[in-house]
Amino acid sequence: MTIKRILGLFNDFEQASAALHELREANLPHLDWNDVTIKSPIEHPDVESVLGVRSIPVRNYTLAGAILGGSLGFLGIATAQGNFFSQLKGGKPIIPLPPDFVLTYEMLILGGVYITVLGFLICAGLPHRSKRDLYNAAVSEDQIGVMVKSNAHCIVEVRKILENHQALSIQEEVVL
Amino acid sequence: MNSVTQGKERDIREDIAWAQINRDVLASLEQPRATYWALFALAFCMFLVGVGCEWYQYNTGLGVSNMNNPDMWGLYIATFIFWIGMSHSGTLLSAILHIIHADWRKPIYRFAEAMTTFSLMTAGLFVAVHLGRVWQIYYALPYPNERWVWPNFQSPLLWDAMAIFTYLSSSILFLYVGAIPDFAICRDHATGWRKNFYTALSLGWMGTDRQWRNFRVAYLVIACFLIPLAVSVHSIVASDFAMSQQPGWHITSFPPYFVAGALYSGCAAIITLFIMLRHTFRFEEYMTMPILDKTARLTFAIAMVWTYLNLIEYATVWYGADEVAKETLLQRATGPYAVYWWSMNFLGSVVPFALIFKKIRANLTAMMILSLLLNLGMWLERWMIVTPTFSHGYYPWTWNHTFFPSLVQWGIVFGSFGWFGMLFMLFCKLVPSVSMYEVKEMVFHRKLARIEAREA
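Top to bottom, those sequences are chains A and B. Just so you know, we're using this note's numbering here: the first sequence kicks off at 1 and counts up by one. Just so you know, we're using this note's numbering here: the second sequence kicks off at 1 and counts up by one.
These aren't lab readings, by the way, just hints derived from the structure by calculation.
Chain A regions said to be covered by chain B (calculated; three or more residues, Cβ under 8 Å):
| # | region |
| --- | --- |
| 1 | 33-41 |
| 2 | 68-82 |
| 3 | 103-114 |
| 4 | 117-129 |
| 5 | 133-143 |
Every residue gets a Cβ at the ideal spot worked out from N, C-alpha and C, and that includes glycine.
Okay, chain B solo, but in the shape it has when bound (with noise of 0.2 Å):
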């Protein structure tokens, strides 16, 4: 049957048997395209590049980063921030498309799930790297020792150390409960050591009702949790900077904009994993045009939420009565980091209006360089929040317009990127990127559904 009936695309194709269903996805962690490895063999790469830079960084100090007063955040928490952000879209949208109901979610929101877990994992190192010494980590633990090392409950960076921990923990129980039933599929149809590793991860699975009742209700009530959960993390993230003196970072817009440009970059992130796997593992009948499509019109719709909060802080600035913080901002948009702030302005909210015309949205290769700009520019966002607020405080003294991250700072920022890509790559060979028993169900109901319309 043709996916194009009465002048409409369908999500999926009502017709693919349960079998053929267990059959791709299976087939994906057998047999990738080329690409699965050329695309792994990069991420090493780049992650070797970020080894080496820590690896100096570490025997030589931090001073190789540039970073001094009052620069001494610089791109590791402005990455720090992006990588947070970047795990919101995954299992945020997934766990309120699915108490919406919103069944197009199904063949995606396994990658995106997963999507999250590892930005997550990626944004922790950067608190790390950013340390300096980081052999005295242990510092950081609230322990009562002879060095009276107390954890201050009322700062907002304990916060967001207990926010991202409940997060990623939640997260991972979320993405492994709703993938156990698919566990139990790959154990059935496994040889060897992946036989025994598809056993212990489905726990012995069967599918009975009870399971499926369980099941039911379990998965809907992380997901019912997950959501303010994903909410607060971000907002915590912004109180980091929201509840300091800083000047221009001072504002009550600033959670609900953090939490906007979160969700912004993951679904940008989202579009582009999508193309990727769908090339990769040969996914074509499942991440269809249409539910690329609609993700496409979600990331706009964000956007335009950003944009808004966006010129809400910029108003916000330029109306109140907090001259040096106007400074700053002008600062921002006339001084030696225009170019990208001005970069970010156009990346941010002039961009995504491309996504408007159907035929860009109905072009991978277009919408795979979207999506990457849309999140350069959220990336050059959070690099924007942090150093020309540094570099022009409120001490004229501690002015400092000449920073520039040095080479050291930008290859562990590259690194990063390959660390993430190869721990997703991974996870795809080893996890069913499509979650097989949901897209069952979504073809059994949309078919049920349409006969039950048609006797109607």
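Next up, chain A with everything else stripped away, as it sits in the complex (with noise of 0.2 Å):
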């Protein structure tokens, strides 16, 4: 069976969220529901409720950056300490707690702040080669798009209905 993808662009948010709701309600047979993208020019969390609890799993990566860069650089900065231990210190401890805490809290920062954005980078799935995807300019505009992939039957119905809430323009192109 013919895999495809349509889009449907709308005016507003209110016609691409009746359309999303229609087609939810239709319960079309081979619909895998996360197979359905809304793109648009802004976020918008109510529109996007209408397809469900979606995980964010970019905050895992921004714990973990966190943990990670506050404990390496600890650990570094004691161990480049560890090192020095060749130099007089006039009696004061080799790895001092106070001023590492000052490095371990930059050091914890900035492993969150980078992994955040790797993070973030995979979970939206960037960088992505835009020519792979269905895509109008107008989206970055003034345009709300619903992007639906599934076989060429369901596709027909999903047609049906992005035509029924007005939908400026759509285009479908073949998958596999």
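With the hints as a guide, bring both chains together as one complex.
Here's what the structure looks like:
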């Protein structure tokens, strides 16, 4: 069976939201809800909620980054200080905790920020070759896109629903 | 629709079409006013003056700066602190205002964050300039070698390097991540080399719900990290002074005093750049007078915090038991630097009271002059922290009340403003200085809120 992708563009979030609701209620066989995507010029959590709960794993990266940054930072500094054993410390500790805390604090933030950005790129699927996906430049301007990937029969039904909700334009492409 | 409704001016017109926002901001990348090129040329000339002075200092030696014992920091370190301070407001205010959902930040945060990045890059230059033998800068790198150059992890100077690196790289990432959706807009409208440039920067952003969801969380998380980071950076810069034994510097209130001063000068710089960009790029619809008014009020509030902490610093020294510190304070107020010290206090604490007048806040020329005066006051503050203390230390035989920076020092400081201006103007020509998607959000949510309020 041919797999296709369809993108309908709407004037505003209300129309896009209504189309999504109808898609959901139509309960089309062979339509995997995870293959329904919204493309919009701004974020809009209310419309996204129609898609159901979808995970935001970037938070896990943040936690891991902060913990790794802080602990590896402290260990790295302490290891370096351990190597200074040959230096005269005048009775002061080889691994002084208060100054090390300052550097650990900075490393925690550094790790947290870097890994959050890395996590964001991974979770958002970036970098992404835009030619691999249906796209319309109007999405970055003022139109809301609803994109569905499914088999050819299902796409026919989806097209009808998108047309019922006054989609401004509809594009289709064959995926497989 | 008029932007004045119900007697209250709006931050932004709610009926601006999203496509119009794209057009206006993208036009700024292609067709700025002639003022843009005039400013760029001015910045470039200033930069050349700085390069010339540095070239002369490089070939002749650090002696041409007039720096000698005990005045071995001079304008270079004072200006280093000034630029670090200037970097504060951009990212810090952007992050704080983002977290508290103050949406009036949206048209102005992008250039404020860019200001942070370029200020930090300018500050970094002063460390190299100050070294004198700049060709041996690699000596400062902490790697074990035959010279036994070991880093001292107990030194605030090392913390400083770490904090500034963390802040610079995190600010660049915050600025970049926040601009990805706008790079996608540029990609969709650009042609020629700009198309390739923005295609690379946008990373293939398509505005999908998956991308927006993760973007929202990542951006918020970075903002949360940046707030304590920004506070720590200037606190650590303050520790360079407060953890020393110099009279007048060994004060507990130095870190918050530095942070307040940094926010203050940053806010004043935001006002200067706001007015400049508003005119140069025809951003009257986005950088509106109500937003300027809010920024001015914020600046006034921070000016009062700074004034309070400044007085605390004087009181701590005055009522403390450190007689030498007290004498240094008196020396500042009555000695050869008195005119600069009193100017600093006047410009930093008295001049901001002009901001309480609505007529002044609504006058662009007055605001421009005022913001420049406030920043002059803040620059003098940094100079007054460094030079008078060195020239009047603990030991009378080290006193040197005749120290004054040479033209070479002034030239390099002057050139640093040109370097900053040049980088900033270049940035504004390549990256949208108004965040298009966030202005769209602002317009959308405000319109929605008004409709809901009317229905209720």
